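Asks: The chain contents come next:
2 protein chains.
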Amino acid sequence: MPASNRDVLMRCRLFRRVTAACLDRVAAIAVSRRYGAGERIFAQDDEAPGLFVVDEGAVRVFKIAPSGKEHVLHLAEPGHTFAEAAVMGGFPAPAHAEATVDTRCVLLPAAAFRALLDADPELPRQLLTGMAVWVHQLVAHVEDVVLHDATGRLARYLLEAAQDDVAVLPARKRDIASHLNLTSETFSRTLSRLVDRGLIRREPGRRIRLLDAGGLGFLARGV
Amino acid sequence: MPASNRDVLMRCRLFRRVTAACLDRVAAIAVSRRYGAGERIFAQDDEAPGLFVVDEGAVRVFKIAPSGKEHVLHLAEPGHTFAEAAVMGGFPAPAHAEATVDTRCVLLPAAAFRALLDADPELPRQLLTGMAVWVHQLVAHVEDVVLHDATGRLARYLLEAAQDDVAVLPARKRDIASHLNLTSETFSRTLSRLVDRGLIRREPGRRIRLLDAGGLGFLARGV
DNA sequence: CGGTTATTTGAGAGTCTTCAAGCTGAGTGG
DNA sequence: CCACTCAGCTTGAAGACTCTCAAATAACCG
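Going line by line, the protein sequences match chains A and B. Letter 23 of the first sequence, counting from 1, is numbered 155 in this note's numbering, and no numbers are missing. Letter 66 of the second sequence, counting from 1, is numbered 198 in this note's numbering, and no numbers are missing.
Keep in mind that a hint or two might mislead.
[Stated by the list, open to error] Here are some, though not all, of the chain A residues that point toward chain B, as calculated from beta-carbon distances under 8 Å:
no., residue
1, 172
2, 176
3, 199
4, 221
5, 259
6, 265
7, 271
[Stated by the list, open to error] Rough simulated footprint, nothing fancy, chain B against chain A, three-plus residues with beta-carbon under 8 Å:
no., stretch
8, 138-145
9, 149-160
10, 201-215
11, 237-244
Since the hints were derived computationally from the structure, they do not count as laboratory data. Bear in mind the structure is a predicted one, so any value in this text is a computation, not a measurement. Heads up, the beta-carbon is just placed ideally off N, CA and C, and yes, glycines get one too.
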């Protein structure tokens, strides 16, 4: 059962610190959108339709190189936003977006949202810290891709994705591999190696149980 | 001759769209800072002293992996800002910052700047688009590092750095190499290959002349 | 000019990718 | 209920690109 638009906003980092009154004004322009698994949400260089907040499901935001290679910039899960920068900056979408499973999003249409930013003196101040957090995450992503090897990247990903020592993969393995800048083959092999070492166990339905979070932590730090 | 603090702010992307009155209030809290070549500006995990705008010189913002490997996140040249996200988000500096040459910066001290953000209703709105631009650049950087090979990354860098077909390297080659996620050896070899192909020419004093910008463009796009 | 640091160049090794083939598993229709 | 099919996943072998280590050369600074 999907949550109310306002609840979805309240749960996401970007809007968490926004005051109640302010949040009401944002919720007033929100619309709900549903996408089937594999459905395209917008394409690179399109005008961004607005700011999306994921309620249920998952969205992959990805670029395609001239060589044909894909890179998944962001696997947006419930509570995450995407297309924020394009909407606020007013530039076209820098990447493609596609639902990886059946997905519901809250959409804040670009024009209405920008109007709200201009009309409401409080909102920009609150969002600024939200954007700073997003920059922070991007920097962490750069750092991860650049400073760690395949094993370290995978270990870190599993640790971040896990709840109670179980990580549920929000998309196909090849998409997650791409997000970590790996091929699906390398992803698969690296996963097998972690199983052999007794650090994780595969379970049915895209689930992975973490058997030794401490050991994974060492790998994630590059030891 | 260094520019006035206000002029420096006006020239940088973050503050370009800020209204004159607003800019005056920002300039009022600005202080000037000088650093010698190689001098540390702040360290990772320090509290960020404030928002820096480079006036003259260049600053390398970098992370160090547990393995000892460095990655230069950002080579900030005149007109660029750094530590924005840390200041706005209120978290500690996510990276080290060091002047690569004698450098002058304009510093907006963190506490005063945050106070200004709260007091001035206009400022956050203007900065929000500035932050969106910064996110955009980070995404481009991720894309570049991940989707292109050494030759492509170098070609793109040279094209972006060039003015009138001459690129002046703002730092040691090893720092630029690190920014492109290359070792200095690979950087050197790749540069030599471009010289052999007749695309560029080395000139004295960290200068590189672009002989065939079109050809470099093809390489940058991964052809 | 001498000492130091940065860059270039060479040889070899590693990690990851590519290409190719078999496997698995969920959904479909007989 | 069971093939069948198709996409995704796994596994193997070969190769490419970049890195590491080592040494020579070049640039810089006092």
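Asks: Each hint: holds or not?
Replies: Hints, one by one, checked against the model:
no.: 1; hint: 172; result: violated (19 Å)
no.: 2; hint: 176; result: violated (11 Å)
no.: 3; hint: 199; result: holds (5 Å)
no.: 4; hint: 221; result: holds (3 Å)
no.: 5; hint: 259; result: holds (6 Å)
no.: 6; hint: 265; result: holds (6 Å)
no.: 7; hint: 271; result: holds (6 Å)
no.: 8; hint: 138-145; result: violated (count 0)
no.: 9; hint: 149-160; result: violated (count 0)
no.: 10; hint: 201-215; result: holds (count 3)
no.: 11; hint: 237-244; result: violated (count 0)
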